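Line by line, the protein sequences are chains A and B.
When the letters of the first sequence are read in order and numbered with this note's numbering, they come out as residues 1 to 251.
When the letters of the second sequence are read in order and numbered with this note's numbering, they come out as residues 1001 to 1410.
It should be emphasised that the hints constitute simulated quantities derived from the structure, not laboratory data.
These figures come from a predicted structure and were not determined experimentally.
Where is the CB? At the ideal position from N, CA and C, for every residue including glycine.
Some hints could be false.
[To be verified] Here are a few chain B residues that face chain A, going by a calculated C-beta distance under 10 Å:
no.	residue
1	D1052
2	Q1054
3	R1056
4	G1058
5	R1061
6	G1063
7	L1099
8	S1254
9	A1258
10	F1316
11	P1321
[Said to hold, decoys possible] Here are the simulated BS3-like pairs of lysine-lysine, each with C-alpha atoms no more than 30 Å apart in a straight line:
no.	chain 1	residue 1	chain 2	residue 2
12	A	K241	B	K1048
13	B	K1048	A	K31
14	B	K1076	B	K1094
15	A	K34	A	K241
16	A	K31	B	K1094
17	A	K12	A	K22
18	B	K1048	A	K12
19	A	K34	A	K22
20	A	K12	B	K1076
21	B	K1334	B	K1294
22	A	K31	A	K241
23	B	K1048	A	K34
24	B	K1334	A	K22
25	A	K22	B	K1048
[Said to hold, decoys possible] FRET-style restraints, in silico, Cβ to Cβ:
no.	chain 1	residue 1	chain 2	residue 2	range
26	A	F11	B	D1330	20 to 28 Å
27	B	R1061	A	L13	23 to 31 Å
28	B	L1139	A	F120	39 to 47 Å
29	A	F11	B	I1299	24 to 32 Å
30	A	K31	B	S1253	54 to 62 Å
31	A	F120	B	Y1098	46 to 54 Å
32	A	D213	B	R1061	22 to 30 Å
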Amino acid sequence: MANPFNFFGGFKLTFAHLARPKVTTSYPQHKRAKQPRQHGRHVLNRYEDGMEKCIGCELCAGVCPVNCIYVRGLDNPSDHPVSPGERYGYIYEINYLRCIHCDLCVEACPTQAITESKMFEFSFTNRADAIYTKAELLVDDLGFPQRLPWEDWREGEAAMTGGWMRATSPSGDASFEGVVQWTADLGEGVRAPEAGQSEGRDDAATGSKQLRDAFYRHLQPEDVPLDRRGLQGLIRNVREKVPVRKSRETS
Amino acid sequence: MNALLATADPLFKHGVTWAVFLIVVIKIVVVFGALLNAVILMIWFERKLISDMQSRIGPQRWGPFGLLQTVADGLKLIGKEDLVPAGADRFVFKLAPYLVVLPAFLTFAIVPIGGTMHIAGHVVQLQIADPPMGILFMLAMSGISVYGVMLAGWSSGSKYPLLSAVRASAQMISYEAALGMTVVTVILITGSLTTHGIVVSQGGGIWHWNLIRLGLIPFAIFLIAITAELNRPPFDVVESDSELVGGFHTEYSSFRFAIFYLAEFMNTITMSAIMVTLFFGGPAGWVPPVAHLKWIFPIIWFVLKTTVFCFCYVWFRAALPRFRYDQLMDLGWKRLIPLSLGWMLIVAGFLVSWRWGLLMISVGIIAWLVLSRAFELGKTRESGPERVLPTVGERPIPGRVIRKLSDEES
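Kindly produce the complete structure, drawing on both the sequences and the hints.
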C-alpha cells in the first residue's frame, strides 16, 4: 500500500504545472529550433567539379525499408561523363508518400551521394507531385539544395545539408565523443563535433543549445544538464532573464 | 390558489398580474441566457485549464485567448450531416438528447443565485423558482437524465453504446443513494426542503455553512457522488473514450451530439451551483454597506464559489486516473452508502439530544465493525471449480453452428 498521505500528490503535481512553461508552441507563428540530426527532405550531392556523386549502384533502393526509392544506373557516356566512375544514376526518384526518413539510404550510400536536409515542411496536393525526381533532388552548382517554391525553407537548413551524418548515433559511445562525424560540406567546411553524453559538449556549435534550453525545465531532476543544476544554474537563469544592453552587444 | 402560490414565492403575494408575469419571464430569460453563455465559457475554461495542467497551449485560434473556440465548434457541428443509424429506434433516438439536456436546464431553476430584490413594490427572489419540494426537484431531475442516457444508448442499435448505457445507469443509480442520503442530512439540519430556506439558514457567517455544521463528511460524500452522477473523470467509465469510443453517444452526430456535449457541461455548472447552495451558503458572503451594491455582491459571491468548483472538476480530470468498474461499484455501495447512512443517523441523533447522538455514534461504530468483518469474509471466500454451478441448457451459439457458419463463408 502506497503512502495514504500521498493521495493529493497528483493534485499537487497538476497544480504545479499551471506555473510551468508550456512545452507546445503555436506552430506556424513560432517554430522551434530543429535537432542537429533532424531527418528531412533528401538531396543528391555533387563533387566540387560539378560531377554527380551518385553511381547508380541501387544500394539505397535495396536498403530502403518502405521501397520508396527507384534508381536505374547507366554507363557514363564517354564524351561527357555525369559521374567520375563507370556508371551513373540516370533515374533517381523518391516517393515522399512512402518515405519514413529513416536515413538508412544515407548510411548505405558508398559515395555519400544522398544525404538529408533538415527541411520537412513541404506538401503536395497530388500523387505525382509526391515523387521527387533528379530534377528536384540534385543540388545546384554551389552545392546547396534547390529551394523549390512549395517548400518552406528556414535559415540554416541548407547549410547543414551537404554533410554526411550517420543515422545511428556513435556519440553515445565515449570513444566517438569530440570526433567530427561529418564530411566537409561544399563551401561549409567541417562542422563542430556533435554533443556526446559526457561533459564537454559544444551545444552552441552543433545547434542543439536552444533545444536544451527550452526543454530542461520539464526534465526530471536527474536529467537536467549539469550546468543547469544548483547555484550555478540559478545564476545562469537569472543572468538570462536580465536583458542585455544592445550597445554592449554590438560593440 | 393565490395563497398557495404566495407560500411558494413572495412574488405572487398580490396575485399574478402582468407585471409579475413579466418579471418571471425576464428572470427565466436572463438566467438561462447566462447559463448558456456560462456553458460556452466553461468548455473554454476546461480546455484551457487542462492544457495548462499538461503544459500545453490549448485553444488559441478563435477570438482572444481562443474564447470563441466553442462557438466555432458548435457551428461546425451544426453544419455536419445528421445521421440516424439504420438499426436505431428513430423516435427514441431523437428524443434522448432532449431528455438529457432538459434536466440540466431545469435543475438550475431552483438554484438561488442572489438574495432578494425589490422591484416596483414586488419582492423578487433571485432564483427562477422556489418550489416547496425544493431540493427533491434536483434528485428527480438527475433521475430523469438517467433515462436520457439509457434511452440514447439503447435506441442507437449498436452494442457499445448499449454497454455504456447499462454501465451509466448502474453507476448513476448506485451513487444516487449516497447523494440522497447526504441531501437528507442537509434537510435535517435546515428543517426546510426549499433551496431558499437552505441558503437562508446558512446566512450567519462561515461557521453556519453546512460544510462545517455537518462536519465535512457529507460534503465529501456529496462531491464524490455528484462527480459520479455527472459521469466526469475519474468516474467517466461511461464515456471512456478509449474502450467505448465515447460511450452512449457514439452513434450521435451533428446537433444531437452537440446537445449531449452541452448537457454534460451544463450539468457540471449546475451541480457546482447545487453544491454551493447546499454546503457553502449559496450567495452568502460579505456585502458592503452600500445600498445599490447590496444585490450585486451576493451574485458575485455565488459566481465565485461556483467557479471554484468548476475549477475542481477540471482539476480532478487532470489529476485522477479513471476508476475500474468494480472499484467504482465498491466505492459506491460498500463505502459511500454505509458512511452517508451512518452520518445521517448521527446528525439526526445530535439534533434530538447529545445522548442520542453519542448512541448513534456507537451504533455506527458497531455497524462499521460488522460490515468490515462481512467484507473481509466475502473477500476470503473460497471459490473453485466445485463452487461453480453446472451450466443450464446450451450456449447461445453452439460450437458446431459456429463451425458450420465459418465453413460456409470460406
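Broken hints, numbered, in rising order? Numbers 6, 7, 8, 9, 16, 20, 21, 24, 28, 30 - these are the hints that the structure violates, sorted from lowest upward.
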